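Trainee: Whenever a hint applies, use it, and build me the whole structure from the sequences.
Note that the sequence shown covers residues -26 to -1, 1 to 520 in mature numbering (1 follows the signal peptide of the UniProt record, and there is no 0).
Since the hints were derived computationally from the structure, they do not count as laboratory data.
Given the structure is predicted, the values throughout are model-derived calculations rather than measurements.
Some hints here could point you the wrong way.
Simulated pairs of lysine-lysine, DSSO-like, Cα-Cα distance not exceeding 27 Å [said to hold, decoys possible]:
1) K407 - K34
2) K462 - K114
3) K393 - K22
4) K282 - K260
5) K22 - K34
6) K462 - K22
7) K114 - K124
8) K114 - K22
9) K114 - K478
10) K478 - K5
11) K462 - K478
12) K490 - K282
13) K85 - K124
14) K114 - K85
15) K462 - K393
16) K5 - K22
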Amino acid sequence: MMGLSATVARGIAVLAILSPFSSTVAGPVQKPFLEVPPSAFQHREDVKNIFIESYNAYRKFAFGHDDLLPISRSFSDGRNGWGASIVDGMATMRIMGLDDFFNEAVDFVGKIDFSESQTPDTTTIRYLGGLLSSYELSGKQHHILVEKAKQLTDKMAFAWETRNQTIPWRFVDFSTDTPNIGTSNIAEAGTLDMEWSRLSLYTGNDTYRRLAEGSVRTIAGLTDPLPGLAAQGIDPATNAFVGNYITWGGGSDSYFEYLIKYARLTNTNDNLFADTWHTAVDSSIKFLLRTSTVGDHLYLADRDDEGKIVHISSHLACFHGGNWILGGKLLNNETIVNIGLELVEACWNTYASTATGIGPEVFEFISRDSFQPSDTVPNRQQRQFFEQHGFFITSSDYILRPEVLESNFYAWRVTGDTKYLDRAASAVASFRKFLRVDSGGYSGINDVNDANINKGGRVDDTESFWFAEVLKYLYLTFDDPDHISLDKYVFNTEAQPFEAPPAKPVYGSGSPLPPKGPYTMKVAGAPLPAISPIPALSPNPLGIHD
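Mentor: Encoded structure:
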């Protein structure tokens, strides 16, 4: 694999000879005795002030609704109209010590009326996760948060239509308590177990855990397109995959994320979760890991329904670096940790390379096996950008997503390298310069590579993950590392921290899962020559069109 760092290349060579699985006792996740420099606390306060400013804009123009529309000074209700920004942001308020906001939010939660159609996974991560995490962070004082979580989950449980159904339907009509029949994806079906098991803990009703865990077990038990790598689409009616598309991006992301996190949060003695995650990582290293021909950036490609590699990635997928760092530490596998750090580098490069210092929604790479029919062929402008930065942008918007900063947070807490603090500070400066609008809110932008942003170049929406994730991860990056330590808490996919028991000495069985079927990896055509990093030396040898 050309261009890998020496450390990672040696690690992958070892993986090829041995197994990546290890039964060695793992140490702490966070770097011991980690401290932030004095300058970090001012950055922390800057982040807190951004939260106060943007949340006050929400309170003024959108309180009780899901999202603030910061430019039109209005609101939208794309998350059922239950006040997603309030519930999703509660844990951040508590962590930042914003007690007035938090107490107001608790009062609001007690008045929510759950009576609309919704999707179980997004409702789980935003509402249920926010309620239960806030209950823990407030010292378990506000039992109304558990009561409302139970009320909500009792409604969502109708996504399982029969006792024999193991994978929930995607939508439930809360007004009739009936599911809407249709296909789903593994992220929607497999991102329930952390929150639902936590609800079982606080209610004494194990049904919640069994339902959510059963869905994950069913997905993990199917014959994957590649070992451990479940296909993105799934049909709850048949418990079968729909297609063979593999990605660590949207539609699959949090299923893989939760496998290792659930093992850590529950300390379950069932190795299925840790072993399935580890098998997925092993297969990703063998089949999906690629290096860009410019900059040697390490990235995870997708695999399409035909088994061909697609050299695409996204802001959503950039959670994977932090997830691999966490999982590698739990399994005492430094090779996985180091590859995770390389993935963090590639994702941060998408921020460092743009005119605004903010990363795009979707981007692609060129590797030695690029330009198959499944790949985007870059135009001249994209090609020139690639030759400077090692990737090219295919969707240039930024809608306040957190994943790059999430992985940057994990990288800082695990390594203690202050470059991650510098990167977080750079992001804060870019957000204040390019995202703030006159209402006091913060908006997305249509083109991260255009520093001349006007009203028409903005996305008039502040989704709840701005409050729940972006500002929380930035705040905790600059905060005392003992506050919400990675050795004491596990974050759900919406950055809601849950209290974790003391870590087990070992996660997983120490051996790979047995194969579930014959696996094939199709590669179309021979590798193509690398594009020169100097435009003048590469007069379109690959036939790239304008």
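Trainee: For each hint, tell me whether it holds in the structure or not.
Mentor: Structure-based check of all given hints:
1. K407 - K34: holds (22 Å)
2. K462 - K114: holds (16 Å)
3. K393 - K22: Distance ~21 Å between K393 and K22 Cα, so the pair holds.
4. K282 - K260: Roughly 14 Å between the alpha carbons, so the hint for K282 and K260 holds.
5. K22 - K34: holds (18 Å)
6. K462 - K22: holds (23 Å)
7. K114 - K124: holds (15 Å)
8. K114 - K22: holds (24 Å)
9. K114 - K478: Holds: K114 and K478 sit about 25 Å apart, inside 27 Å.
10. K478 - K5: holds (17 Å)
11. K462 - K478: holds (12 Å)
12. K490 - K282: OK: K490 and K282 at ~21 Å, within 27 Å.
13. K85 - K124: holds (14 Å)
14. K114 - K85: holds (19 Å)
15. K462 - K393: holds (24 Å)
16. K5 - K22: Holds. K5 to K22 sits at ~25 Å (cutoff 27 Å).
Consistency with the previously given hints is maintained throughout, with no hint failing.
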